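Colleague: Listed here are the chains, written in short residue letters.
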Amino acid sequence: MTDTAPTYSFETLQIHAGSKPDPETGARQTPIYQNTGYVFRDTDHAAALFNLQEVGFIYSRLTNPTVSVLQERVATLEGGVGATACSSGHAAQILALLPLMGPGDNIVVSTRLYGGTVTQFSQTIKRFGWEAKFVDFDDRGAVSRACTKKTKAIFCESIANPGGHVTDLPAIAKIAERKGVPLIVDNTTATPYLCRPFEHGAHIVVHSTTKYLSGNGTSMGGIVVDSGNFDWSASEKFPSLSQPEPAYHGLKFHETFGPLAYTLHGHAVGLRDLGPCQSPQNAFQTLLGIETLSLRMERHCENAKKIAEWLENDDRIESVSYAGLKSSPVYRRARKLCPKGASGLFTFKVKGGYEACRKLVEALNIFSHVANLGDTRSLIIHSASTTHRQLSPEQQEAAGAGPDMVRVSIGLENVDDLIADLDQGLKAALA
Amino acid sequence: MTYSDEMMKTVLQRTRTIACVGVSLNEVRPSYFVARYLKLKGFDVHGVNPAYAGQTAFGHTIVPSLADLPAETRIDMVDVFRRSDQAGAVVDEALEVLAERGLSTIWMQIGVEDAAAAARAQAQGITVIMNRCPKIEYQRLFGELRWGGFATGVISSKR
Numbered sequence: 000m001t002d003t004a005p006t007y008s009f010e011t012l013q014i015h016a017g018s019k020p021d022p023e024t025g026a027r028q029t030p031i032y033q034n035t036g037y038v039f040r041d042t043d044h045a046a047a048l049f050n051l052q053e054v055g056f057i058y059s060r061l062t063n064p065t066v067s068v069l070q071e072r073v074a075t076l077e078g079g080v081g082a083t084a085c086s087s088g089h090a091a092q093i094l095a096l097l098p099l100m101g102p103g104d105n106i107v108v109s110t111r112l113y114g115g116t117v118t119q120f121s122q123t124i125k126r127f128g129w130e131a132k133f134v135d136f137d138d139r140g141a142v143s144r145a146c147t148k149k150t151k152a153i154f155c156e157s158i159a160n161p162g163g164h165v166t167d168l169p170a171i172a173k174i175a176e177r178k179g180v181p182l183i184v185d186n187t188t189a190t191p192y193l194c195r196p197f198e199h200g201a202h203i204v205v206h207s208t209t210k211y212l213s214g215n216g217t218s219m220g221g222i223v224v225d226s227g228n229f230d231w232s233a234s235e236k237f238p239s240l241s242q243p244e245p246a247y248h249g250l251k252f253h254e255t256f257g258p259l260a261y262t263l264h265g266h267a268v269g270l271r272d273l274g275p276c277q278s279p280q281n282a283f284q285t286l287l288g289i290e291t292l293s294l295r296m297e298r299h300c301e302n303a304k305k306i307a308e309w310l311e312n313d314d315r316i317e318s319v320s321y322a323g324l325k326s327s328p329v330y331r332r333a334r335k336l337c338p339k340g341a342s343g344l345f346t347f348k349v350k351g352g353y354e355a356c357r358k359l360v361e362a363l364n365i366f367s368h369v370a371n372l373g374d375t376r377s378l379i380i381h382s383a384s385t386t387h388r389q390l391s392p393e394q395q396e397a398a399g400a401g402p403d404m405v406r407v408s409i410g411l412e413n414v415d416d417l418i419a420d421l422d423q424g425l426k427a428a429l430a
Numbered sequence: 000m001t002y003s004d005e006m007m008k009t010v011l012q013r014t015r016t017i018a019c020v021g022v023s024l025n026e027v028r029p030s031y032f033v034a035r036y037l038k039l040k041g042f043d044v045h046g047v048n049p050a051y052a053g054q055t056a057f058g059h060t061i062v063p064s065l066a067d068l069p070a071e072t073r074i075d076m077v078d079v080f081r082r083s084d085q086a087g088a089v090v091d092e093a094l095e096v097l098a099e100r101g102l103s104t105i106w107m108q109i110g111v112e113d114a115a116a117a118a119r120a121q122a123q124g125i126t127v128i129m130n131r132c133p134k135i136e137y138q139r140l141f142g143e144l145r146w147g148g149f150a151t152g153v154i155s156s157k158r
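Chain order of the listed sequences is S and H.
Residue numbers are given in numbering that gives the first Met the number 0: position 362 of the first sequence equals residue 361, and the series is strictly consecutive.
Residue numbers are given in numbering that gives the first Met the number 0: position 19 of the second sequence equals residue 18, and the series is strictly consecutive.
Derived from the structure by calculation, the hints contain no laboratory data.
Given the structure is predicted, the values throughout are model-derived calculations rather than measurements.
The beta-carbon is built from N, C-alpha and C at its ideal position, and this holds for glycine as well.
Don't take every hint at face value.
Capping the alpha-carbon separation at 27 Å, the derived lysine-lysine pairs in DSSO-like fashion look like this [to be verified]:
id	chain 1	residue 1	chain 2	residue 2
1	H	Lys38	S	Lys251
2	H	Lys8	S	Lys335
3	S	Lys19	H	Lys40
4	S	Lys251	H	Lys157
5	S	Lys149	S	Lys132
Stretch-level coverage of chain H by chain S, calculated; a stretch enters the list once three of its residues show a Cβ under 8 Å from a Cβ in chain S [to be verified]:
id	stretch
6	29-35
7	41-50
8	97-103
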């Protein structure tokens, strides 16, 4: 926002952004405000808070001091203006869409998405009268052609789960600009340490903070981050932000709050009326995780690259899908968009197909058979029968989650121990 | 234009009295939001708008123009809620009638800019801030915006 303020690097911001010492006690670590209600100074103060004339604490469904620190920290690391934390990554997706969508509207989304997202978008959002159009995002013409007058957003993952495919964000962002709609990027797998979608033209970022941000597999959470750089009033497409809001006496969010409008709407309407707030305890755990994000992501990437290279050179492996490998079709794109590494998530196909995959998962001793990713522990799962189970075979293939492959989330253990575990597991699987 | 946090903080700390030119009494208009907020934060706010002249708001009678403010009133800052093409006239009027009455800052709201008028004011030693909102900057610089989940850019190890 300013020219002369010191600019701090990522490693400093991941520890300090949002968290000043507690003014009351001096407590240096962010306190857990396990609290629901807040005393108003007087009736004027209460009225100003309820009218959105002042920012402050009313009720922890809307704002909570511990959750606020998490919001400012992630917004800062992404280079955004503000953020709305919520109960899970799935809640974040609905919260991100709520200010944009009405019955009859649609979103254009990548086929390469986490299976739960595919199901949320292809099935559940229909009940709101919303529709998702699934397109191969490597086909720019198809993305462009899929957009209609009723399209209100374009949605993709920066590094897609499970196949580690990297989306060409600058190209997709150009299409979004041309269509006058925001590009929403799920940056869960990359984290802002590896990829900053706003620098590539995205307008909104969502995360499941459950994954690398919290990092230890302890705390569910999601967050929506706004870049503040989309003009909601440039067209008639986004009446919730540009037109009078009946629930606030005809207040126009964008006119009144400028670049803060989308985030304020996320709190004042999204969290208020849908209710998926994040718990202060989870926000605290996630903040602890983010303090070491850069260190962890470096090691996740280093371990994943070594293991992917080892697997690629092993005769028992059919193929490895990891954007950090020179053989990957998106290697150069990954170098450009995620120069520090391609994250710790990838898939590989075992010779022997589904049966060999099943035996491998069951034979491993360090890798855990778990439906999560971004943990300190290494995890493995057969996506087609679990995380991507609700998808049709065609959808599974398009998402990079066919029946003959497994997904691994490489942890922070010693890489030689991980390779040895995979080696013995493959022996057992193919015995 | 970019302005340092230090500079904007100094302006907001030295300011006591603000004339809001173009203030609305419609409770959902941005100018009402800002004026009411500044009043809540302890600033002495004078409304200026011919459309509401004679009505009372924020503890004072709204006047049609800066020249109509009571002669004994000191005004530290003029906050301009007018289109850019009308901002120059407001600046010139402020320089004419308020220069001897404490005027030290002219603040133009988001979307309001007039570089030539700004230069005229700066030549008289007046601080000019354009295309910013004093409410947003006050909330950002003094910690309130952080409660709402916004990136304030403020990093500090002090209580």
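Colleague: Please work out if S/Lys19 and H/Lys40 have their alpha carbons no farther apart than 27 Å.
Modeller: holds, 22 Å
Colleague: Would you mind confirming whether the straight-line C-alpha gap from S/Lys251 to H/Lys157 stays at or under 27 Å?
Modeller: violated, 37 Å
Colleague: Against the 27 Å threshold, does the CA-CA distance of H/Lys38 and S/Lys251 hold or violate the hint?
Modeller: Judged against 27 Å, a Cα distance of about 22 Å means the pair holds.
Colleague: Counting residues of the stretch 41-50 of chain H that have a beta-carbon nearer than 8 Å to any beta-carbon of chain S, does the count reach 3?
Modeller: violated (count 0)
Colleague: Given the hint that S/Lys149 pairs with S/Lys132, test it: the Cα-Cα distance must not exceed 27 Å.
Modeller: Distance ~11 Å between S/Lys149 and S/Lys132 Cα, so the pair holds.
Colleague: Mind taking a look at whether chain S covers the stretch 29-35 of chain H? Criterion is 3 or more residues with CB to CB distance under 8 Å.
Modeller: Contact hint for the stretch 29-35 of chain H vs chain S: holds, 3 residues under 8 Å.
Colleague: For the pair supplied as a hint, H/Lys8 and S/Lys335, is the alpha-carbon distance within the 27 Å limit?
Modeller: Distance of about 39 Å is beyond 27 Å: violated.
Colleague: Between the stretch 97-103 of chain H and chain S, see if three or more residues pass the 8 Å beta-carbon test, and mark the coverage as holds or violated.
Modeller: It is violated: at least three residues are needed, and the stretch 97-103 of chain H offers just 0 whose Cβ sits closer than 8 Å to chain S.
Comparing the model with each numbered hint stated earlier shows that hints 2, 4, 7 and 8 do not hold.
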